[in-house]
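Number of protein chains: 2
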Amino acid sequence: MEFKLVKLHTKLRLLNVLYRFLFTLCIASTSYATDPIDQRTADEARKLIDQGLESTIGFEVVKSLTTEVGPRLAGTKAEARARNWGVAKFKELGFSNIRIEPFSVDHWERRHEHVQILSPFPQNLVVSTLGGSISTPPGGIAGEIVSFPTLQSLKDAPLSGLEGKIVFVDEYMTRTQGGSGYGIAVRKRSGAANEAGKRGAVAALIRSVGTDHHRFAHTGQMTYEEGVRKVPVAALSAPDADQLQRALEIGSVRVKLDLHVEAKGRVESGNVIAEIPGKSDEIVLIGAHLDSWDLGTGAVDDGAGVGITVGAAKLILDLNKTPKRTIRVVMFGSEEVGLVGARAYVAKHKDSLINHMVGAESDFGAGKIWRFETNFAPEKLYLADAIHKILEPLGIGRGHNNASGGPDIGPMREQGVPAVTLKQNGWDYFDYHHTADDTLDKVDPSDIAQNVAAYAAFTWIVANLEDDFRPRDP
Amino acid sequence: MEFKLVKLHTKLRLLNVLYRFLFTLCIASTSYATDPIDQRTADEARKLIDQGLESTIGFEVVKSLTTEVGPRLAGTKAEARARNWGVAKFKELGFSNIRIEPFSVDHWERRHEHVQILSPFPQNLVVSTLGGSISTPPGGIAGEIVSFPTLQSLKDAPLSGLEGKIVFVDEYMTRTQGGSGYGIAVRKRSGAANEAGKRGAVAALIRSVGTDHHRFAHTGQMTYEEGVRKVPVAALSAPDADQLQRALEIGSVRVKLDLHVEAKGRVESGNVIAEIPGKSDEIVLIGAHLDSWDLGTGAVDDGAGVGITVGAAKLILDLNKTPKRTIRVVMFGSEEVGLVGARAYVAKHKDSLINHMVGAESDFGAGKIWRFETNFAPEKLYLADAIHKILEPLGIGRGHNNASGGPDIGPMREQGVPAVTLKQNGWDYFDYHHTADDTLDKVDPSDIAQNVAAYAAFTWIVANLEDDFRPRDP
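Protein sequences appear in the order of chains H and D. Each residue of the first sequence is one higher than the one before, counting from 150 in the working numbering. Each residue of the second sequence is one higher than the one before, counting from 150 in the working numbering.
Hint data in this document are derived by calculation from the structure and do not stem from the laboratory. You may find that some hints are simply not true.
All copies of an identical chain are treated as equivalent in the list; a pair is satisfied when it fits inside any one copy or across any two copies.
Heads up, simulated DSBU-like pairs for lysine-lysine below, C-alpha to C-alpha not over 30 angstroms straight-line [unchecked claim]: (1) LYS497 / LYS347; (2) LYS473 / LYS196; (3) LYS226 / LYS529; (4) LYS212 / LYS499; (5) LYS212 / LYS314; (6) LYS226 / LYS517; (7) LYS405 / LYS473; (8) LYS347 / LYS499; (9) LYS240 / LYS428; (10) LYS473 / LYS240; (11) LYS226 / LYS240; (12) LYS470 / LYS226; (13) LYS413 / LYS196; (14) LYS470 / LYS413; (15) LYS226 / LYS314; (16) LYS240 / LYS413; (17) LYS473 / LYS226; (18) LYS240 / LYS497; (19) LYS538 / LYS413; (20) LYS405 / LYS529; (21) LYS212 / LYS405; (22) LYS529 / LYS413; (23) LYS470 / LYS379.
Fair warning: this is a prediction, and the values are worked out from it, not measured in the lab.
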């Protein structure tokens, strides 16, 4: 009995060894036959993921930027300090080819803003003048409120009849994980003043483009249409928009706006760039924007993105291996006021855009990445699938093939540069977006670590891939 | 078989009827023998609970006050408008003996406040000057920050060595359902400036007394000690206190404070009072405070309390029955600046305080009531148990016998008036307390309805009780 058992045991062990050998052989050959990511790169990418999840580098970079610079509005001295910070940080971390690529931008700064209900219930309202808005006349401007539930309802109104009035566009924004509510809600930011101006109104107010219910007004850029009479415009916090709505339910409401801004013409801004040089002049571009709005310290928008992409590149740097392609990290300047840095980048690098393998910007807050989106030639989607397999253990699903790549990737994407979005969970992004409440305490270090892990693995793979994402026969 | 079953069924039915009859008899006799609340009053109280839970009157009153008056700081024109609102609201609802009982209060209003880090990282900080603070000298005052983790650590410091410095007391507050963290944390509100002044410092900053992590500074009253050199003091929002803390970890920090307040001496304030006259001159007093801080619309503090107590009294009024005792509803003025209205009430009514059966103020936000606390003579606690039985179905537990009755009840409690606290869940109360974010959207109508139900039942019972809560042989 004993003897028989030992024999059986030996047989089973042999079978097991044989089975495992054949299985390994099978896996290896499959991998060799179909996986476009070579085994070494894949292993290194997985190692970067493990290191990223353990690393605090991303959070440390956000913390440093938001503490040591704080708010850094495009074109201000604070943004200039942020560029110096960027150069110093890149040097401290050991990057190569560090430089500032300067460009100019329109100056705009808020000086003071004061809005109050004059009658029937005198009280102050919390507002933020929208970026680009003109000032009210000295001493402010008063008028009766005419309310519109949506921008469309204002557009549908006759082109007269609002003379001397103050328009209030009370459109709400829908909260979604992917941020799809923003595209619709943000139209009123320029639309309210433009449509008010066309109809003779003297000023405009909007319900903030945001999803929170705290007493923070959300600022953001607005642009006057050519030839339209300019009127000043400000955003009310959600509780203040509610308050105005309730007052209007009772009767006619007169409001006074006293908004003072300063605009000094063209001033200097710039992109801060650093590299991990590769064996070729092909470029894998990751980045984020360095500027922020003036109200908060820009932790969520977009200090987080700076931390994530710089942190990811630093992990790669510490591999101490030369990638096939050059990894370029860009801190874009003056994003918030109209992608000015992104356009300057494309203008300066137009001849080498063909060498840009991919562009990916982290600019959707500090939430975990949940989807890998691409904008590749259809015949190159097998590469997306292969990269996604490596990222999947981070809780990242496979997304569509219409990735924007992030706002600052837009202009190069238009020029044919393939784009990737490592899409973050934006469920609470528009609670903080463009408010005074966008501060470091809203950033979760473990979420940043997941982002760093994903960016490091993704960037390393693309920097070492045989193939690229462009059409085979362009 | 059929016949037998029918017989059994009939027997069981008879037994059931007998059992129910005996049970009812038993309950009724028990109730008669030991319950100090007569059956009719108990039934009416239960009816008031049902009506309260269905009613929107409490929320409508908070909405009206916070919309039609808004912020209403003690001694301001806004508080005077609130008194007029109170008189009009009482009239509209059909109360009797409506009047304003005037008194005077020290005037204090904030004009502007601007605090910035000068070096090493220039940026603005979100602050609120504390009520009662003096202004900084014209043009502001600058100095190096000396940080203390607690008020106690500042008190432990030598009585010199802070000359020319700006003291920062970075003490945190603990979140609890009952608000016990407040009593400890609030000490720094007066303590920081007083201890800073004693030690030669030129100004003081504190981490806000609050539990939130948004960019709202919490204001609140501070008082200078006699003979101590006065220095200006302001509270930083929690994210700004964090920011200052991080900057201090890196090195020395210089800050500039520019705080401007106005104090015009004594001005008029008042308590707004209305009644449901009873058959005797004994008084059951419920109330809340009418004034608020200047930053928010005072929905949670204490519009909610006004809504709850006025709403409860209105339900009683609509019973259209004359209670044994007079029900008095008081909207106290100038609570926030030092219980000035409560003291004026006691001074004016000192001769009739002996007739005050009980005082109960609702001033702990807009959360559900979870505990019935009393301050009765020990031999009268059987009454507390009986009242509690009626309130229990609302999810209200039986609490201790050391109830404060609410801040404005304090002065009359000191004179022997029994107190009751219908203790609210204050878990998030100090997120909004004394901030700009204290607005109507923070008030849940269904929570207010539960409060109205409890106050209506409690008030009606006490107004019709045979016994009282004072010692049998005083």
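Under the constraints set out in the numbered hints, which ones does this structure not fulfil?
1, 3, 4, 6, 7, 8, 12, 13, 14, 16, 17, 19, 20, 22 and 23
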